[in-house]
Amino acid sequence: MHRFGRLLFLGLGCIYAPSPAASQVTGDAAIHMLRPLGLIESQAMDFGRLTSSSTPGTVLLNPVTDARTAAGGVTLLSGGGEAAEFLGVATTFRLVSFSYPTTITLTRQGGTETMDVTNVTPAPGWFNFGAGFMLRFTGANTVIPARLGGTLQVGADQAAGIYTGTYNVTLNYF
Amino acid sequence: MLPRSSISRAIGPIGLLAATICAPMPSLAATLTQSVQIRIVIPLKVVEIDTLDFGGVFAAAPGSVTIDPATGARTAAGAGQLLSPTYSMGVFVVTGQANAPVSVTLPTGDIMLSNGANSMRMHSMVHSVVGGASALDALGQMSFRVGATVDIAGTEPEGSYSGTYDVTVNYQ
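These protein sequences, in sequence, are chains A and B.
Each residue of the first sequence is one higher than the one before, starting from 1 at the first, in this note's numbering.
Each residue of the second sequence is one higher than the one before, starting from 1 at the first, in this note's numbering.
Errors might be hidden in some of the hints.
[Unchecked claim] Covered by chain B, per the in silico footprint, the following chain A stretches (three or more residues, Cβ under 8 Å):
#	stretch
1	24–31
2	83–95
[Unchecked claim] If the Cβ cut is set under 8 Å, some of the chain A residues that face chain B in the computed set are:
#	residue
3	L34
4	I40
5	T142
6	V143
7	P145
[Claimed, not checked] Computed list of chain A residues with no C-beta within reach of chain B, every gap over 12 Å:
#	residue
8	P36
9	L39
10	T51
11	P56
12	G57
13	T69
14	S78
15	T102
16	E113
17	T118
18	F127
19	F129
20	G155
If you're looking for bench data, these hints aren't it; they were derived computationally from the structure.
Even for Gly, the Cβ is constructed at its ideal location relative to N, Cα and C.
Make a model of the complete structure from these sequences and hints.
Below, the structure is given as structure tokens:
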């Protein structure tokens, strides 16, 4: 009878198969190495995920906080929202200039539809002359961050997809 | 009347049949409920919210950079290092069974961060559960942060070095 009971126990086990109890995810890690008088992009400008509607709208990306603010017919979805960040290192006592475009055009991957990022705006910490040009003086050896936000113009019924674009920035060490 | 041994032989195949089709047998169920533990568990789900990003680092000499997930502080070891203002801990959100204790497992070996041609060593990965208790709350949620140390030679070419690491969350 003992053997009989064990068999039945195994039989019940086949009904109540336990759910998988573990979950695994892949995390990302990064470090950005700087050299004197160099320039790297440490964070790409990203407006995150959003939906369009029959009404045009905008997404304002804050260059300091990475926060997004939607207006008009745009609804923000969770995830994303990062200002661009560029880093350089100056040697002692230098005047540096940073130039950037005030408008960036994004094109849908696999398509021709476009969206513009207008009013590209830097984070404070520079003397901003407008029109995409700013200056800064450095004291001792210093990491020079330049962060950029902007306003994404989303059209009425903007086609779904991933929109990307590239732009040039220049850091001059005088 | 059959002899005792014949009865055993007759019941044996019935037992096997019951095991195969898993049909309940009321007369036996009463003795077996104590040995079968049934636990319906909501599967755990883990999502990465933020990248473990040590920020920009200039170093002319060997050293290291460490992020402490308990305090959120980033510290540099080595002479004359310069750090950019912004960096971030790895941040993960777990959902599952309310109030269930869980364990978080991070890689114990080295993780290589690469720029394509060169690599840097990340190690000593640690996590810190927001709120302290390593258990899901009454809503079945938990959040934890991840930190680590990256060794720096001081001769690395300029650029971004990136890599991935596995995070496993288990019911305890």
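- Earlier hints that do not hold, by number: 8, 9 and 14
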